[in-house]
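Reassemble the complex: the two chains are provided individually, in unrelated frames, and hints are given to aid placement.
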Amino acid sequence: DTAVSQTPKYLVTQMGNDKSIKCEQNLGHDTMYWYKQDSKKFLKIMFSYNNKELIINETVPNRFSPKSPDKAHLNLHINSLELGDSAVYFCASSGQGASKNIQYFGAGTRLSVL
Amino acid sequence: DQQVKQNSPSLSVQEGRISILNCDYTNSMFDYFLWYKKYPAEGPTFLISISSIKDKNEDGRFTVFLNKSAKHLSLHIVPSQPGDSAVYFCAGNTGTASKLTFGTGTRLQVTL
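Just so you know, the protein sequences line up as chains A and B, in that order. Here the first sequence is numbered in our numbering, starting from -14 and rising by one per residue. Here the second sequence is numbered in our numbering, starting from 258 and rising by one per residue.
Among the hints, erroneous ones may be present.
[To be verified] For lysine to aspartate or glutamate, the following DMTMM-like pairs were computed, each having C-alpha atoms within a straight-line distance of at most 25 Å:
| # | chain 1 | residue 1 | chain 2 | residue 2 |
| --- | --- | --- | --- | --- |
| 1 | A | K26 | B | D341 |
| 2 | A | K29 | B | D281 |
| 3 | A | K29 | B | D288 |
| 4 | A | K85 | B | E315 |
| 5 | A | K(-6) | B | E299 |
[To be verified] Short derived list, chain B residues pointing at chain A, Cβ under 8 Å:
| # | residue |
| --- | --- |
| 6 | L291 |
| 7 | G300 |
| 8 | S306 |
| 9 | F346 |
| 10 | N350 |
| 11 | S355 |
| 12 | K356 |
| 13 | L357 |
| 14 | F359 |
| 15 | T361 |
| 16 | G362 |
These aren't lab readings, by the way, just hints derived from the structure by calculation. Computed from a predicted structure; not experimentally measured. Note that the Cβ used here is the ideal one computed from N, Cα and C, for glycine as well.
Chain B on its own, in the form it takes in the complex (with noise of 0.2 Å):
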């Protein structure tokens, strides 16, 4: 039973474009959002998070979207960069719990 869905295992974006990671998630008891970036042979670096009451989130290039009665968030990264090519994982925490689910991940990858 997967709860956090990341549909799209890669996308490919060019230098300067939008990027527009999707995450999909089915337990309504999910109270917050976080996104990880996730380079080769490190572990997930906390990038950006939304409480479930919020529907945006802004910081700096990232914005996190949340749309919960379609039980949807989207990460947009503007405009890209090359080192933001990674995987980038979608999460959520039901706060009591305080333990991540997490999505299977998109790997981003930004030309030139």
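Just chain A, with the same shape it has in the complex (with noise of 0.2 Å):
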């Protein structure tokens, strides 16, 4: 029973389409986030919610949107995609109390824009 889990695992689009990665945890924790990992293998955060409530926003472009419908799903919506936004994409969640700087990852979306 995964415990974050993400959809798609793989993405391919054309440039200026617009996609969105699902992701969903079931281990009751209330923050989630979203990482990118680009083709030097360096893993960036991107996003951050608490609860719903965006507490981490790391200068990603206007065309991310991350959505938040409930504390167990974290979705990001790509607008306008561009050839730079090539990258495996990793969401994340992480509990309260002793556990909450541990982040429990999904296994990726590796998304390919043509």
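Written out as structure tokens, the structure reads:
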């Protein structure tokens, strides 16, 4: 039973299209994140939500819009896709208290923009 | 500005020997450090962590050492096993922001 699941696993699309990546966690965590791993394998945070409220936005272009319908879901919508958006996107979540520093990751979504 | 650096992109170790993976950081605000392991086509998996108030944390074959004055941490794996072959990421966390800042990873290969 996957704790943090992302769909789709692979996404191939044309420049200019709009696409969404979905993320769900069944760990009962309050905080969810989106990270981007670029071609240099550098894993960098994009957004963080706590109980459906945005708490971190790391200077990501406005074309990226996270949406959290409830605390178990954090979806990522990308408008007007560009070649530079090609990367692997990881969703993660973390809990409260003593384990709040530990983030649990999904398997990633590999986005290829042609 | 890379706040977490893993200067060895790869490391090869024989099965049964010790693997030592190193990590340096520049941000003094980090109060928690984590190591993640990543297999191809999978997400990073949490391995072990250490609070900045400690200098050592051990969990089975895995031990993390923290040297705050040198802003350096290391992960020791003893004994190394073929299943340990993966990319290992070091990450720092500032508690209030709760965002992980990752290094670029070290690919460990454990040979027979």
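Given hint B/G362 near chain A, where the shortest CB pair must fall under 8 Å: holds, 6 Å
Under the criterion that the straight-line Cα-Cα distance not exceed 25 Å, is the pair A/K26, B/D341 satisfied? At roughly 19 Å apart (the allowed maximum being 25 Å), B/D341 and A/K26 satisfy the hint.
Inset, instruction - Below or equal to 25 Å on CA atoms is what counts here, so check A/K29 against B/D288. - result: holds, 18 Å
Exercise for the section: May I ask you to test the interface hint for B/F359 with respect to chain A, counting a Cβ-Cβ separation under 8 Å as satisfied? Expected result: OK, holds: B/F359 within 8 Å of chain A, min 4 Å.
request  = Grab the minimum C-beta distance from B/G300 to chain A and call the hint holds if it beats 8 Å, violated otherwise.
outcome  = holds, 3 Å
| message | Quick check on the hint: B/L357 CB to chain A CB, less than 8 Å? | response | Interface hint status for B/L357: holds (6 Å vs cutoff 8 Å).
Q. Any CB of chain A closer than 8 Å to the CB of B/T361?
A. holds, 6 Å
| Was the hint right that B/S355 lines chain A, CB cutoff 8 Å? | holds, 6 Å
**Message:** For the restraint on B/L291, tell me whether the closest CB of chain A is nearer than 8 Å.
**Reply:** Cβ of B/L291 sits 7 Å from chain A, so the hint holds.
Against the 25 Å threshold, does the CA-CA distance of A/K85 and B/E315 hold or violate the hint?
Holds - the C-alpha atoms of B/E315 and A/K85 are around 19 Å apart, at most 25 Å.
- prompt: If you take the shortest Cβ to Cβ gap from B/N350 to chain A, is it below 8 Å?
  reply: holds, 5 Å
Against chain A, with CB atoms and a cut of 8 Å, does the hint on B/F346 hold up?
holds, 7 Å
When held up to the earlier numbered hints, the structure conflicts with none and fits them all.
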